[in-house]
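Student: Sequence:
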Amino acid sequence: MSDKIHFHNLSIKDIYNQLHTSEKGLSSQEALKRTSKYGYNELPTKKKTSLIKQFLAQFNDFMIIILIIAAGISFVASIIEGNADYADPIIILTIIVFNAVMGVIQESKAEHSLESLKKLSAPYANVLRDGIIQVIPSRELVPGDIISLETGNLVPADVRIINCSNLKIDESSLTGESMAVNKNSDISFPIDTPLADRRNMAYSSSLVTCGHGTALVVATGINTEVGHIAKLINDDTSPETPLQKNLATTSKYLGIFALAICFIIFAIGVFQGRGLFEMFMTSISLAVASIPEGLPIIVTIVLSLGVSKMAEHKAIIRKLPAVETLGSATYVCSDKTGTLTQNKMTVTAINDAHGPMKNIDFILSLACLCNNSQANHSKSSDTTNTHHNLNAIKKITDSHLKQQHNNMPNITIHGEPTENALIYAGINNNIFKEDLEKRYPRVDEIPFDSKRKLMTTIHKLTTYNNNNLSCNHNSKKTNIINNNNNHSKIINNSTTNNSINKYAYRCITKGAVEFLLDKCTNYYNGSSIIPLTSTLKRQIKKTCDSMTKDALRVLGVAFKDSNSSTEEELCFVGLIGMIDPPRPEAFQAVKNCKLAGITPVMITGDHPYTALAIANNLDICNNSEEIITGTELDKFDDGTLVEKVKNYKVFARVTPLHKVKIVKALQQNNEIVAMTGDGVNDAPALKAADIGCSMGINGTDVAKNASDMILADDNFATIVEAIKRGRGIYENIRKSIHFLLSCNIGEIISILFAILFRLPTPLLAIQLLWINLVTDSLPAISLGVEPIDENILHKKNVCNNNTHSQKHNSSFFTKDLVSKIVFEGFLIGLLTLIAFIIGYKILPTNNLSQNIQSLNLFSNTNNNPNEITLIIGRTMAFATLGLSQLFHSFNMKTNKSLLSINIFNNKKLIGSFIVCAFLQISVITIPTLANIFKVIPLDLFRWVIVIALSFAPIILVELQKKCNKCNV
1088 MSDKIHFHNL
1098 SIKDIYNQLH
1108 TSEKGLSSQE
1118 ALKRTSKYGY
1128 NELPTKKKTS
1138 LIKQFLAQFN
1148 DFMIIILIIA
1158 AGISFVASII
1168 EGNADYADPI
1178 IILTIIVFNA
1188 VMGVIQESKA
1198 EHSLESLKKL
1208 SAPYANVLRD
1218 GIIQVIPSRE
1228 LVPGDIISLE
1238 TGNLVPADVR
1248 IINCSNLKID
1258 ESSLTGESMA
1268 VNKNSDISFP
1278 IDTPLADRRN
1288 MAYSSSLVTC
1298 GHGTALVVAT
1308 GINTEVGHIA
1318 KLINDDTSPE
1328 TPLQKNLATT
1338 SKYLGIFALA
1348 ICFIIFAIGV
1358 FQGRGLFEMF
1368 MTSISLAVAS
1378 IPEGLPIIVT
1388 IVLSLGVSKM
1398 AEHKAIIRKL
1408 PAVETLGSAT
1418 YVCSDKTGTL
1428 TQNKMTVTAI
1438 NDAHGPMKNI
1448 DFILSLACLC
1458 NNSQANHSKS
1468 SDTTNTHHNL
1478 NAIKKITDSH
1488 LKQQHNNMPN
1498 ITIHGEPTEN
1508 ALIYAGINNN
1518 IFKEDLEKRY
1528 PRVDEIPFDS
1538 KRKLMTTIHK
1548 LTTYNNNNLS
1558 CNHNSKKTNI
1568 INNNNNHSKI
1578 INNSTTNNSI
1588 NKYAYRCITK
1598 GAVEFLLDKC
1608 TNYYNGSSII
1618 PLTSTLKRQI
1628 KKTCDSMTKD
1638 ALRVLGVAFK
1648 DSNSSTEEEL
1658 CFVGLIGMID
1668 PPRPEAFQAV
1678 KNCKLAGITP
1688 VMITGDHPYT
1698 ALAIANNLDI
1708 CNNSEEIITG
1718 TELDKFDDGT
1728 LVEKVKNYKV
1738 FARVTPLHKV
1748 KIVKALQQNN
1758 EIVAMTGDGV
1768 NDAPALKAAD
1778 IGCSMGINGT
1788 DVAKNASDMI
1798 LADDNFATIV
1808 EAIKRGRGIY
1818 ENIRKSIHFL
1828 LSCNIGEIIS
1838 ILFAILFRLP
1848 TPLLAIQLLW
1858 INLVTDSLPA
1868 ISLGVEPIDE
1878 NILHKKNVCN
1888 NNTHSQKHNS
1898 SFFTKDLVSK
1908 IVFEGFLIGL
1918 LTLIAFIIGY
1928 KILPTNNLSQ
1938 NIQSLNLFSN
1948 TNNNPNEITL
1958 IIGRTMAFAT
1968 LGLSQLFHSF
1978 NMKTNKSLLS
1988 INIFNNKKLI
1998 GSFIVCAFLQ
2008 ISVITIPTLA
2018 NIFKVIPLDL
2028 FRWVIVIALS
2038 FAPIILVELQ
2048 KKCNKCNV
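Going letter by letter, the sequence shown gives residues 1088 to 2055 in my numbering.
Read the hints as simulated data drawn from the structure, not as lab findings. Computed from a predicted model, the values in this text were never measured in an experiment. Treat the hints loosely; a few may be bogus.
To be verified - For each label pair, taking beta carbons as the anchor points, the in silico distance ranges come out as:
no.: 1; residue 1: P1874; residue 2: C2050; range: 21 to 31 Å
no.: 2; residue 1: D1903; residue 2: L1986; range: 18 to 28 Å
no.: 3; residue 1: S1391; residue 2: V2002; range: 17 to 27 Å
no.: 4; residue 1: S2009; residue 2: I1351; range: 31 to 41 Å
no.: 5; residue 1: V1163; residue 2: V1188; range: 20 to 30 Å
no.: 6; residue 1: Q1755; residue 2: L2006; range: 25 to 35 Å
no.: 7; residue 1: I1617; residue 2: K1681; range: 44 to 54 Å
no.: 8; residue 1: N1989; residue 2: D2026; range: 32 to 42 Å
no.: 9; residue 1: I1784; residue 2: T1622; range: 41 to 51 Å
no.: 10; residue 1: P1443; residue 2: S1395; range: 17 to 27 Å
Claimed, not checked - Here are the simulated EDC-like pairs of lysine to aspartate or glutamate, each with C-alpha atoms no more than 20 Å apart in a straight line:
no.: 11; residue 1: K1406; residue 2: D1903
no.: 12; residue 1: K1678; residue 2: E1808
no.: 13; residue 1: K1589; residue 2: D1536
Cβ atoms here follow ideal geometry from the backbone N, Cα and C, with glycine treated the same way.
Given the sequences, and given the hints that come with them, work out the whole structure.
Tutor: Take a look at the structure:
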């Protein structure tokens, strides 16, 4: 219903007609009928996927399917061969199952977000039914019901305000604006008015912070604004990350490659007259050699290690692929409030009619007295909060603020952001509200309302305080004097002791400048009170307009000493401007983004002026042509938005749907988008983005559950640091995959060439599995934690001519990388084959034959010389392959010469080298293990040959690097 009818545009009478209701509300019978029509006022729950289905979904991968087939064939082959050696299929299946379990554990569920949204709903509501006020569960509300709203209530549905008194509602979870919104029931708004400006409406899940009112329910459940958000979360699926796409492509091509190699080798063997069963088993060995079985687990482990590193830098990763996606980001779409700004309204300008006010004590004293915020003080050396605001004021104004005492109190302020800012400004100037109130007790108040746009407090003037802070607005001249407490005092030069009690009260008024000026007849110029002329009024308005253009929220302050409490004949004192200022580190973070080739944009529900001012300050955009509002976006069709979206750097007054559209439009431009947000309204865009970043301090549970990463400190600079870490991890994953594939190519080359040269298979399937899972995997994992280059953000990337950033359609494997993998794999395979030929064809068996007999190894050889030499050859090939890959892992550290870097800066790589070398040697030298892996302990001479061949990749790859450098 709410999609078709613009309730904010209609009068209350028209809405009564539209919803067939009246000021008397609905009857219980009619409400029951409407429940059948509209459903309950609750969000639908998406059916959860069972654990079994999630588990089975992990096997929907081409490489996994190939491995399952290989395990099945190996199992059948073992039965046909007549032995009980099922080690190969068991190991393969163990890997597959472990990887599937890890996948289920890491998956995030969208229903968590929906459950959090449901928690935001108010449990009960006060509703007018059958002519009387009843308390009912909020889920039973229907369109047409009339409800009451009180301070502290959660709004239970989308409603049109019927009447209200000083009603303020916090809609920050929907709009992103931290300021509570003043509601007004008497006006209607144009159809295209953004949600944040619809002051005659209130929305489900928002909070009543002040006042009370009566409202008409216009939308419930999924038809509410928060319901639309829930639907967006439910409907949208998280995009596949660049790494997932590249790994899926890699798996596909590796599987095809494995099948092709198996078929070719099988055909060659049969053509050569070899036995079918022999070639069948050789093909199984090749299939095992072609596929890096540990790749999925290694990537998961590397990403997990990256998660723990990022947590140290305040970035908490909820979904593992987010680590890599961060490194690929090309756009960062950031919310304004709390992320780019401090989320704390701060006084940054105090002006009189002509500019910065020279002495601000008096106006701050008035502003602190006319204020409902409360400050709690406790003596502490921690002055973070107050210094923070003081620096902001010093930076932007010329006001002479006093320095703070060394034992400045630690302060907690409770109240609305605007009034809190005034209290902080006073404290920064050693003006404390509680001290003022003791001397000038409040006796009455005229609360702020949306019609007057003013607030007035009345304070009692006694003999004591009248002598310290008095102002006769009829006096011709007054002076400013500072006492020992640093408070301003206005002393009437002509005042005598007989006239001290002439005025009983001081009225202080603050609020909207244009409304306040209409109540003023005098002006305080800093030294005397003079008539407020039309010229002065124009000058005040001009100064106010200048402050407003700087996106400041401006309050006027006035007072009068009188025996009445009316807001008339006031004396205008000055203007106080405040803003939620940028975080100090945000400017450098934005600069780092640009240097890294990442485009930062601001997407906010705030006003265009405010958004543009902050964006200009942070150098996100340079002119007003780069800003667009949600209303203007509505005029674009999807194609136009995709075409023009990159022209804008600031998106203001946007809705949740706008945010999703912006993200998707950027993605259609092949951009990889990181999106930040903290409110319920941000959740759909967080889920739609390639990586959603929610806020850890001020973020809602809905936003956190929809996100991939949580910023523990709500800081934009943390995103940039996380991007740097993500890029480093991405590069390390590339190193790991580079290493694994070059090793697998080496295994294939050794077997392929052996078949071509009519030699026996140099490696068995179980030996290849050991290599792939142990001597390959540990170094690959260690490469995943290589120290990250601190300048990685500013480096060019071989996959993209412009920046290091990876595009959606970028290939993981460049021509340069593929050539390196093939060259290095060829080296390893050739060296392995040379070791096999040396052991099988060249060196005499002699003492090794005796070792076989004395250790009772391989009883089925029957001392057959050919069998013995074949075992020796395979042992040397197995040893050379394992050790050469360990040495080769150091080649992955850098594209530069190893002599130019510290090769020992990765202790995990050194550790994995030592551990894997020990395990490799142990498998060959310990008889029990040797029997399992069908190898034999080697003598010293053969070990020297093995080590020499194994070290060769270091030398040869170094020569290749030098040649490449010479050719550049």
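Student: Next step is simple, just say for each hint if it's right about the structure.
Tutor: These are the hints, each one checked on the structure:
Evaluation of the 21 to 31 Å hint for P1874 and C2050 yields a pass: the beta carbon distance comes to about 27 Å. Checked against the given bound of 18 to 28 Å, the beta carbons of D1903 and L1986, roughly 22 Å apart, stay inside it. One distance hint, 17 to 27 Å for the beta-carbon pair S1391 and V2002, holds here, with the actual separation near 19 Å. At about 35 Å, the beta-carbon gap between S2009 and I1351 stays in the expected band of 31 to 41 Å.
A hinted range of 20 to 30 Å holds for the C-beta pair V1163 and V1188, which are about 26 Å apart. Between Q1755 and L2006 the beta carbons are some 50 Å apart, a value that contradicts the proposed interval 25 to 35 Å. Remark: the range hint 44 to 54 Å for I1617 to K1681 is upheld by a beta-carbon distance near 51 Å. With their beta carbons about 36 Å apart, N1989 and D2026 fall inside the hinted range of 32 to 42 Å.
In this structure the hint that I1784 and T1622 lie 41 to 51 Å apart at CB holds, the actual value being about 48 Å. Between P1443 and S1395 the beta carbon distance is about 50 Å. The supplied range of 17 to 27 Å is therefore violated. For the hint pairing K1406 with D1903, the CA-to-CA distance comes to about 31 Å; that exceeds 20 Å, so the pair is violated. Taking the CA atoms of K1678 and E1808, the gap is about 12 Å. The hint holds against a cut of 20 Å.
Distance restraint check for K1589 and D1536: the Cα-Cα separation of roughly 31 Å exceeds the 20 Å cut-off, and the hinted pair is therefore not satisfied.
Checked against the numbered hints given earlier, the structure breaks hints 6, 10, 11, 13 and satisfies all the rest.
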